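K.L.:
Chains as they are written, first to last, in my numbering: chain W, 1 to 300; chain C, 301 to 697; chain G, 698 to 1032.
Calculated from the structure, these hints are not laboratory results.
The structure presented is a predicted model; accordingly, all values stated were derived computationally and were not measured.
For each residue, glycine too, the CB sits at the ideal point set by N, CA and C.
Incorrect hints may have been included.
As the list claims (entries may be wrong) - Straight line, CA to CA, 27 Å or less: simulated BS3-like cross-link-like pairs of lysine-lysine:
(1) Lys214/W to Lys255/W
(2) Lys563/C to Lys1018/G
(3) Lys117/W to Lys214/W
(4) Lys214/W to Lys594/C
(5) Lys97/W to Lys271/W
(6) Lys594/C to Lys563/C
(7) Lys255/W to Lys117/W
(8) Lys117/W to Lys563/C
(9) Lys214/W to Lys50/W
(10) Lys55/W to Lys947/G
(11) Lys117/W to Lys1018/G
(12) Lys117/W to Lys97/W
(13) Lys97/W to Lys1018/G
(14) Lys563/C to Lys97/W
Said to hold, decoys possible - Facing chain C, a subset of chain W residues (Cβ under 8 Å, in silico):
(15) Phe67
(16) Arg125
(17) Gln128
(18) Leu158
(19) Arg160
(20) Val161
(21) Pro162
(22) Glu168
(23) Ala188
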Amino acid sequence: MSISPEAGADLTSHGPTELAELDIAPEVAEGAAPEREISVGVGDNIMEVKNLTVKFGGLVALDDVSFNIKRGEILGLIGPNGAGKTTCFNAMTGVYKPTSGQVLLEGESLGGRQQHKITRLGLARTFQNIRLFGEMTALENVVVGLDARHGTSVLGALFRVPRHRREERTAIERGMALLEFVGIAENAAVLSRNLSYGHQRRLEIARALATDPKVLCLDEPAAGFNPAEKEELMTLIRAIRSDGYTVLLIEHDMKLVMGVTDRIVVLEFGKKLADGLPAEIRNDPRVVAAYLGEPEDDAA
Amino acid sequence: MSTTDGPTLIPDAKAEQDAITRESNRTTRGGFFAPLADRWNRLSRPQQWVFLLIVVAIAYALPVLNPPLITSEPGNDWPITCLQMAIFALVAVGLNVVVGYAGLLDLGYVAFFAVGSYTAAMFTSPDSPYLHIPYLWTLPVAMAVAMFFGVLLGVPTLRLRGDYLAIVTLGFGEIVRILATIIPAMKGQVGFQNVGHPPGTAADGHPIFSNSNGTPWYWLTITVLIVILLLAGNLERSRVGRAWVAIREDEDAAEIMGVPTFKYKVWAFAIGAGIGGLSGALSAGATGFINNQKFDVQTSILFLAAVVLGGSGNKVGAILGGAVVAYLPLRFTAIADYKYLIFGVVLVVLMIFRAKGLLPARQRLLAYGKVTYARVAARSRAEPPSTAGTKIEGTAQ
Amino acid sequence: MLSTLLLQVPMDDSWISFDIPSLMQNFWSATFDGLTFGAIYGLVALGYTLVYGVLNLINFAHSEVFIIGCYGVVFTLTSLGFGPNVPTLGPLAIIGDLLLALIVGMIASAVTALALERVAYRPLRKRNAPRLAFLITAIGASFAIQYGIFLVRGASPEPAVTMFQPTPIFDVFGTIVDSQQIIIVIAAIILMVATDQFIRRSRTGRGIRAVAQDPDTATLMGVDRERIIMTTFVIGGLLAGAGALFYVMKVPSGVFYAGGFVLGIKAFAAAVLGGIGNVRGALLGGLLLGLIGNYGQILLGNSQWTDVVAFVVLVLVLLLKPTGILGTSMGRARA
Chain W
1 MSISPEAGAD
11 LTSHGPTELA
21 ELDIAPEVAE
31 GAAPEREISV
41 GVGDNIMEVK
51 NLTVKFGGLV
61 ALDDVSFNIK
71 RGEILGLIGP
81 NGAGKTTCFN
91 AMTGVYKPTS
101 GQVLLEGESL
111 GGRQQHKITR
121 LGLARTFQNI
131 RLFGEMTALE
141 NVVVGLDARH
151 GTSVLGALFR
161 VPRHRREERT
171 AIERGMALLE
181 FVGIAENAAV
191 LSRNLSYGHQ
201 RRLEIARALA
211 TDPKVLCLDE
221 PAAGFNPAEK
231 EELMTLIRAI
241 RSDGYTVLLI
251 EHDMKLVMGV
261 TDRIVVLEFG
271 KKLADGLPAE
281 IRNDPRVVAA
291 YLGEPEDDAA
Chain C
301 MSTTDGPTLI
311 PDAKAEQDAI
321 TRESNRTTRG
331 GFFAPLADRW
341 NRLSRPQQWV
351 FLLIVVAIAY
361 ALPVLNPPLI
371 TSEPGNDWPI
381 TCLQMAIFAL
391 VAVGLNVVVG
401 YAGLLDLGYV
411 AFFAVGSYTA
421 AMFTSPDSPY
431 LHIPYLWTLP
441 VAMAVAMFFG
451 VLLGVPTLRL
461 RGDYLAIVTL
471 GFGEIVRILA
481 TIIPAMKGQV
491 GFQNVGHPPG
501 TAADGHPIFS
511 NSNGTPWYWL
521 TITVLIVILL
531 LAGNLERSRV
541 GRAWVAIRED
551 EDAAEIMGVP
561 TFKYKVWAFA
571 IGAGIGGLSG
581 ALSAGATGFI
591 NNQKFDVQTS
601 ILFLAAVVLG
611 GSGNKVGAIL
621 GGAVVAYLPL
631 RFTAIADYKY
641 LIFGVVLVVL
651 MIFRAKGLLP
661 ARQRLLAYGK
671 VTYARVAARS
681 RAEPPSTAGT
691 KIEGTAQ
Chain G
698 MLSTLLLQVP
708 MDDSWISFDI
718 PSLMQNFWSA
728 TFDGLTFGAI
738 YGLVALGYTL
748 VYGVLNLINF
758 AHSEVFIIGC
768 YGVVFTLTSL
778 GFGPNVPTLG
788 PLAIIGDLLL
798 ALIVGMIASA
808 VTALALERVA
818 YRPLRKRNAP
828 RLAFLITAIG
838 ASFAIQYGIF
848 LVRGASPEPA
858 VTMFQPTPIF
868 DVFGTIVDSQ
878 QIIIVIAAII
888 LMVATDQFIR
898 RSRTGRGIRA
908 VAQDPDTATL
918 MGVDRERIIM
928 TTFVIGGLLA
938 GAGALFYVMK
948 VPSGVFYAGG
958 FVLGIKAFAA
968 AVLGGIGNVR
978 GALLGGLLLG
988 LIGNYGQILL
998 GNSQWTDVVA
1008 FVVLVLVLLL
1018 KPTGILGTSM
1028 GRARA
């Protein structure tokens, strides 16, 4: 499929925001992503969603939606209930097969690829309804994510070849650093089903980060959080971005979205309604109309 | 059980103790011998090694000791009973990879056992017109052939939901038996006599490995068992073991986290099949005779009962379960007729009352996990975390 | 399947041969017989399909539900004086006795199915057990029942019961179709159509479809899920009991403790072939599998091949079209 002419020209791009103010210990960021070149400048399109359409039977759940995610930004994907956010998200991450349209990650089409290959291409996600591996410890959960970048074969593991030992050692180092990064390192040895709700959410983020994604998709990470926890989450999301990750945030909670994103795409009835800076979106009469009657805050 | 030590960073004993106590407190679940497992986890490494050596020594001495009360005599020859226990334990360890780790229900495991037995017999028995090779070589060959069949069966079914695997394997178990009956080359009920055995003659000129003396065979089997255990342990504490447990816990999430689930399911199935084939070859050698009568579905279910009874997912549990399932009917001959009924009921009861079997499963999935957890504990002892971690805080949804 | 092992084998006694002339010669009799067996498979397959539709569970113990129905039928008929010889009763008396046996068989199977549901599966459902637990329970229950029967009745089959002398009704291309074949096929089809209509039209049937489609929503909409599940097990049991009568009619000496097992696998294969979860698929799959099995058996020249053929069909269907011929739907399309 040819690249559509307007794909490159996005009018809403803007410079990087206050990144330096974040109080993230440099060695933590270093540990979380030692091999990554940290590029925090918002730049070219890292991910392109082109004319994405999803139909379930006769129902058009997503109708010709196109938008881009720029390298290093936090993009919010919002919309009233039933607007197609989750459908869009699932079609982007390969859970649903889109009826038509394309999703490109750094120019590579994700269509028709197996889930685990999409992850290895650099797209990671968390789940709205937490889906950790309950019988594994927090650290083991994260290391499963890290394994996506490991090269040990089954035979290599069977006979403990040097590569396996090396990967196991660094996996633990990085796993611990990631747990530290999301703030639950002291619970590394706890089975993930025994973690508190908030810690489980954080562990999900750590596990997704462990796959070393280019784009991290967070599916309603603040669901069930109280305002204080939401505040902490916002700090964490900013820290993730300042660590060089691009973030796609699907969220219901407007305060959180307005507070943390660089740019927002609004969906309504399966169509793209608006695409712009938070301030623009807030004042967009169409968006206001779409949300009319919707409470500003998720009744958490 | 590990042959490895972590990185040089060995923390002080107290910290390690703390970590382990902490962990085991949180991971304790049901299971009849759960306190035992806890106590084991609290031992230090050297203590564990000493203890293990004693256990292994006792295991090797078992057929010679012939302890009163425990012995299966006069009903059944004691060394042969030991051998049966060891073979069942080996089978259970193999099936545990499939059922316990990866959560795939294989109801036709006896088929792989049969494939292994027939491979050994057809390459060594004088009744077989084919190529003959030394018996010990048939062990890896049987493993490879069984693995081949595992892949053959796994590839079409493992893409589908788990239930299909269950019924297809159940059918496959039956098919192998039927094929053994109707394919002339497999000699049906006539079977193969004088299956080969390892070389070596005793002082009196008789071969060391005879069909009437179970002891050498038992030693061979538990030696194989120990090797398999070490290798299975290596797999458990690697990305392979983690992938299996992740698949068992949530297959979709595992795939999305980058685990090639299909590939690892096929591996689990093939490795399980290989161990099944290996135990089949050992069993065929030890018995010296095989025919189509030995490989029925009932035996598959006994194998499953061994794994579930021992504690699905736990290698040591599997050994225990296998040994118990083999031992009870041989020791208490009065219940031999009821064994299928008993173990069928055991399966249902265990599932309903959620008992985790004799030993609760808790895989260690990191090669250097213990050391790391000890470090975590040491640190959190130094600076207690501000937020209490593990209580479920009532969060509004 | 063992060709790898056998490649180097001197093929003086070839293990597989295709007897095409025999198949040509016996084509029509194989067809009618296959349809008869197929009808029985279909009745049992319905039990698998219904439970699968509602609970997403392969009820391994359904084969034991069936075999207990067989024992019900045999015991009833034996106590009514039936034996290996053709009974000397009048037609009306025979019909009356057979109906009684049918009812006893259906009740025996239905009670077994219901007991299974209550004792084995319900506790698991209540605590949201993982799928593996359901499957292990199912196989454990199947096994326990099988060996329970074994302990009571021993390994040998029950004495044969002959219900009536099959009489030729008409002939097709020189092959005689007898009354027994016609009775079995027609009765089975009537039962299956009735089941289909029941599920399509009745209130309970709507409930079953609703639970099959979306258990949570169905519950929210006021469907009593537990009652629906019980009903489904009972219907499956009733049909298996009916299948039991026809099975005893067709295979008079086939009733022994493990007799349900192989038939169960074939019935399950039939359900998958037609599309598991699909009521009409069970009938279609059953008939097809009966035909394929019978043709295969004659072609390969040994009755044991029927089982192998059924199994190969199952694997092939799973490989090529896992949703079966008619698709896996009870209510509507479900992924």
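K.L.:
Against this structure, judge whether each hint is valid.
P.N.:
Each hint tested on the structure:
1. Lys214/W to Lys255/W: Within the cut-off at roughly 26 Å; holds.
2. Lys563/C to Lys1018/G: holds (21 Å)
3. Lys117/W to Lys214/W: holds (13 Å)
4. Lys214/W to Lys594/C: violated (56 Å)
5. Lys97/W to Lys271/W: holds (18 Å)
6. Lys594/C to Lys563/C: violated (32 Å)
7. Lys255/W to Lys117/W: The given pair, whose Cα atoms are some 34 Å apart, is violated under the 27 Å limit.
8. Lys117/W to Lys563/C: holds (13 Å)
9. Lys214/W to Lys50/W: holds (19 Å)
10. Lys55/W to Lys947/G: It is violated: about 50 Å lies between the C-alpha atoms, which goes past 27 Å.
11. Lys117/W to Lys1018/G: holds (25 Å)
12. Lys117/W to Lys97/W: holds (15 Å)
13. Lys97/W to Lys1018/G: With Cα atoms ~19 Å apart, Lys97/W and Lys1018/G stay inside 27 Å; holds.
14. Lys563/C to Lys97/W: holds (22 Å)
15. Phe67: violated (22 Å)
16. Arg125: holds (6 Å)
17. Gln128: violated (12 Å)
18. Leu158: holds (6 Å)
19. Arg160: holds (6 Å)
20. Val161: violated (10 Å)
21. Pro162: violated (12 Å)
22. Glu168: holds (4 Å)
23. Ala188: holds (5 Å)
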